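Participant: The chain contents come next:
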Amino acid sequence: MPTFEYAPAPESRELANLRTSYQMFVDGKFVDGAGKPLKSVNPATEEVLAEVATASSDDVDLAVRAARRAYDRVWGRMPGAERGKYLFRIARLIQERSRELAVLESLDNGKPIKESRDTDVPTAAAHFFHHAGWADKLDYAGYGPEPRPLGVAAQVIPWNFPLLMLAWKIAPALACGNTVVLKPAETTPLTALVFADICRQAELPPGVVNILPGAGDVGAALVSHPDVDKVAFTGSTEVGKEITRTLAGTGRRLTLELGGKAANIVFDDAPLDQAVEGIVNGIFFNQGHVCCAGSRLLVQESVAEELLARLRTRIATLRVGDPLDKNTDVGAINSREQLNKIIELSDAGDAEGAQRWTSPCPLPERGLFFAPTVFSEVQQSMRIAKEEIFGPVLSVLTFRTPDEAITKANNTPYGLSAGVWTEKGSRILWAAQRLRAGVVWANTFNRFDPTAPFGGYRESGFGREGGRAGLEAYLDV
Amino acid sequence: MSNRLVSGTAAPRLSVNKTYKLYIGGAFPRSESGRVYEVADAKGAFLANAAHASRKDVRDAVVAARKGFAGWSGATAYNRGQVLYRIAEMLEGRREQFTAEVVAQEGLPLKRAAALVELTIDRWVWYAGWTDKIATVLGASNPVAGPYFSFTVPEPSGVIGILAPQDSSLLGLVSVLAPVIATGNTAVLVTSRARPLSAMTLAEVLATSDLPAGVVNILTGSPVELAPWLASHADVNGLDLTGAPEILQPELERSAAGTVKRVLHAPSAEPDWTRRPELRRLRTFIEHKTVWHPVGV
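Chains as they are written, first to last, in my numbering: chain X, 1 to 477; chain E, 1 to 297.
The following block holds chain X by itself, in its conformation from the complex (with noise of 0.2 Å):
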């Protein structure tokens, strides 16, 4: 297939405004942390953006601390309605600043500039707005008259999607009454900040947000803070079961989105060029770290080989290199350690038997990048079809009927997400009825709304983000 020629079409890097130096945000100031700064990096060149303050241990207990001042004499006790107005505010706030926000998650991040564009930062707004509506209007949400907030949230997010993850967190914490101290992931804390600047134009209320940007020890003193009402976490099932312990016997409640391996289903009455560009989104939206990324692809075997070469051939036209580049579909690795998990998974692939396809595209010379990478003959007991790779590497399975396709998919301790491709809506039903996940994407994938709950079934963690279900997280019911 004929590829066409592309111009590069470089987004400006002026737009992030990006500062040499960030600070931690306590109490409606901007503060130095006593812990030890971290240098945020863009991992498209391994150049340092910036440095930034960290949080120490006396920090988090500060943090928490004016949370629940916050909580007790503000935030816990205002109506509803004037906190859903805050909520608005930030909601538009976002949308005037999206584009600043987007070029600085795409430099801090990786990810492609037209996803950072065209999802994270509108999809962040709309969470938002959509919770600023239920501010005032908690006593229909289902949970009885005039359900209680919990108190002050800890909230703890992944590098994937900082800012998304963010609004996911704080949106509905904040709608429901709580107050929040919130840490950002250790490579991708730069937009949680910008952030911090939206809630002093906002005029949020000292304390209501607190953003304190750290590695894993600093969550780890958050999450375990005796102060703390609620925990929520988004990250690894491992660190998930390590926060469940941690709390464990204290009552303090606890929302997780973990990890997942999800099955992406197709039949063979599947509309093939459909499927393949589902299939393309489904594992290398966002370089596949995505927990909800459909990582394993199930192909019923009468179909597998026409659809492989299908998948190939669409595979190589994506285009590898500058996430500020408005061309670019699969843009860099986040990190360096990453990219290891990446490697050392991979290479099981090969050692264990299955068949490595590389997309023939170019990469860039430096940074941090990894070819579109398709397995075939993979087999379930292989690494590569059990653990959690999230990166852009696809494992494909086939099978040949359809209670095989349903037992396969849910041969694993995830549940996360699904997805199923046939023409025939019976069958659709069907396999979404049997699918143990807590989302199923039939004939789409990968889309994601402020009004449906999404979360996982068994190790993919507990509790829902979005819609009635989602408030239940932060409703003391």
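Just so you know, not all the hints are guaranteed correct.
[Stated by the list, open to error] Reference listing, derived: stretches of chain E covered by chain X, where coverage requires no fewer than 3 residues with Cβ under 8 Å from a Cβ of chain X:
#	region
1	65-72
2	81-91
3	147-153
4	239-251
5	282-288
[As the list claims (entries may be wrong)] Lysine-lysine pairs mimicking DSSO-like chemistry, simulated, CA-CA at most 27 Å apart:
#	chain 1	residue 1	chain 2	residue 2
6	E	Lys133	X	Lys137
7	X	Lys408	E	Lys67
8	X	Lys386	E	Lys67
[As the list claims (entries may be wrong)] Some chain E residues close to chain X (C-beta under 7 Å, calculated; not the full set):
#	residue
9	Arg254
10	Val291
11	Trp292
12	Gly296
In short, the hints are calculated from the structure, not lab data.
Every value quoted in this text rests on a predicted model; they were computed, and no experiment measured them.
The beta-carbon is built from N, C-alpha and C at its ideal position, and this holds for glycine as well.
Mind docking chain E on chain X? Use the hints.
Facilitator: Chain E alone, transformed into the frame defined by chain X:
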């Protein structure tokens, strides 16, 4: 229930005492361990020997519950409601037996015990009516911003381990068991240690109603001994700690973290079971599944 001699007009008659066993997979086995322990009434007199279930019995019960899950969770909500209502009918038929057991185990006056039994039956009816309303009340059609049909339905979490209340031998027991199975889960329940007899009589009701084998499995014995195996079992999806020994609760929660079980934490004291329940017990052991499909021609 006791060794008393009943004097009639003719010769005195020795009562036929009941041997209580476990309830696993629709059958009534003795404990694999061969052990029993003595259950006394409120005044300390001998009531019966109850089976002292072992770790192996827990594992057998989990296997039975897993086996029962596909059928029970796959049944229509209407069907589940019918089955649960049938159980209420059978409970009604055994009111006197349950009342006598509550009197014996809890030491309550007859009138009070009879009222609790009636409330228990009504509670079961209440949950029977929930089976086909849970999806309507907790589910949603999501008005997403795009050409997609998106809806959310509640589904059962799977096999749930329940540590039944230690004090309320019947009303408390039913209040923790009924919501778990009403939502389509299957259960492995460890009874009150001191007051296990009405649970085993309930098992007789369940076994002769239309409840499929394996949906409910009941073990008598020591919660201290059995709870850790339930909490760490990789094929158990949820854990209700209501009647768990307080001192063990943190450790049970830590064990449950190993497979990210859904945990219903124990209240600080045994709740007042006569109060109308909230939906929390229904909500804790369900998952929300969101399904998306494009809309277009």
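Participant: Against each hint, give a clear statement of whether it holds in the structure.
Facilitator: Each hint, compared with the structure:
Note: the region 65-72 of chain E has 0 residues with beta-carbon separation from chain X under 8 Å; the three-residue rule is not met and the coverage is violated. Counting residues of the region 81-91 of chain E whose C-beta lies closer than 8 Å to any C-beta of chain X gives 0; at least three are required, and the coverage claim is violated. Only residues whose beta carbon comes within less than 8 Å of a beta carbon in chain X count, and the region 147-153 of chain E has 3; three or more means the coverage holds. Counting residues of the region 239-251 of chain E whose C-beta sits closer than 8 Å to any C-beta of chain X gives 3, which meets the bar of three, so the coverage hint holds.
Check on the region 282-288 of chain E: 3 of its residues sit with their Cβ under 8 Å from a Cβ of chain X, so the three-residue criterion for coverage holds. Distance hint between Lys133 of chain E and Lys137 of chain X is fulfilled; the C-alpha atoms sit about 23 Å from each other, no more than 27 Å. About 18 Å separates the Cα atoms of Lys408 of chain X and Lys67 of chain E, which keeps this hinted pair within 27 Å; it holds. Straight-line distance between C-alpha atoms of Lys386 of chain X and Lys67 of chain E comes to about 24 Å, which keeps the hinted pair within the 27 Å bound.
Checking Arg254 of chain E against chain X: minimum C-beta separation of about 4 Å stays under 7 Å; hint holds. Checking Val291 of chain E against chain X by beta carbon gives a least distance of about 5 Å; that is within 7 Å, so the hint holds. Proximity of Trp292 of chain E to chain X holds as hinted, the smallest CB-CB distance being about 5 Å (cut-off 7 Å). About 10 Å separates the beta-carbon of Gly296 of chain E from the nearest beta-carbon of chain X, more than 7 Å, and the hint is not met.
Hint violations for this structure: numbers 1, 2 and 12, all remaining hints satisfied.
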